[in-house]
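First to last, the sequence lines map onto chains U and F. Going by my numbering, the first residue of the first sequence is number 4, and it counts up by one from there. Going by my numbering, the first residue of the second sequence is number 10, and it counts up by one from there.
Calculated from the structure, these hints are not laboratory results. Don't take each hint at face value.
Here are some, though not all, of the chain U residues that point toward chain F, as calculated from beta-carbon distances under 7 Å [claimed, not checked]:
no., residue
1, 55
2, 59
3, 103
4, 110
5, 112
We treat Cβ as the ideally placed atom computed from N, Cα and C, and that holds for glycine.
Listed below are the residues making up each chain.
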Amino acid sequence: KAGVTQTPRYLIKTRGQQVTLSCSPISGHRSVSWYQQTPGQGLQFLFEYFSETQRNKGNFPGRFSGRQFSNSRSEMNVSTLELGDSALYLCASSPVRGALTGELFFGEGSRLTVL
Amino acid sequence: KNQVEQSPQSLIILEGKNCTLQCNYTVSPFSNLRWYKQDTGRGPVSLTIMTFSENTKSNGRYTATLDADTKQSSLHITASQLSDSASYICVVSALGYNKLIFGAGTRLAVHP
């Protein structure tokens with residue numbers, strides 16, 4: 004069974020630009036959640052999507068948004084990039100119960116560098 | 010304030026030795042507590058997930074304990090191997106806040 008796939012793995016953007024990251028969950032998993040990991044703040048929960056609806060949300064500004072498609076694939080978008088957005092962005096999928104109660108299966112992440 | 014604190018921040022042990030990592034949390038009420046292992050440059054991998062009513066859970070050489078009264082958890086690694094070198098992250102699911110709260114992690118280095 005294929006794991007969680009994130010694309011792209013690495014990308015470089017400049018301040019003010021926007022970026023879209025993609026996540027394909029494990030087949031059959033309906034929950035996709037996103038996380039930001041930085042050396043200073045560690046791992047932080049961004050949001051969770053379940054059956055195309057945002058179900059839970061962390062404490063991030065509105066520049067961070069996402070969506071989920073009918074095939075459970077998810078995209079995360081960050082607009083008006085700031086230097087502090089440089090981070091490893093991780094995606095995780097969960098079986099039926101979802102991110103807060105079920106087990107998380109993480110992808111390898113997308114490393115974003117903002118110059 | 011909902012927090013998850015881990016100690017020590019980093020740890021060096023010799024191959025074959027045991028070690029225990031600590032996680033204290035103030036999250037209340039909570040749904041579950043998890044331990045993840047994250048190798049450098051990789052995504053975290055689940056080791057254990059415990060609900061409020063569970064005291065101990067094992068996964069091979071990894072054993073997690075949970076004391077919901079004192080809001081403390083520990084991860085014990087037995088007979089460490091070089092491949093155990095990684096960051097270990099404690100995560101609490103905050104029931105009333107609908108989000109996951111992560112500890113800063115403990116960076117473990119196992120030396121031959």
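Evaluation of the provided hints:
Residue-level restraint check for residue 55 of chain U is violated (minimum Cβ-Cβ distance to chain F is 18 Å; threshold 7 Å). Among the interface hints, the one on residue 59 of chain U holds; its C-beta lies about 4 Å from the nearest C-beta in chain F, closer than the 7 Å criterion. Satisfaction of the interface hint for residue 103 of chain U is found here, the shortest Cβ-Cβ separation to chain F being roughly 5 Å, below the 7 Å cut-off. Satisfaction of the interface hint for residue 110 of chain U is found here, the shortest Cβ-Cβ separation to chain F being roughly 5 Å, below the 7 Å cut-off.
Look at residue 112 of chain U: its Cβ gets to within about 6 Å of chain F, closer than 7 Å, so that hint holds up.
Violated hint: 1 only; the structure is consistent with all others.
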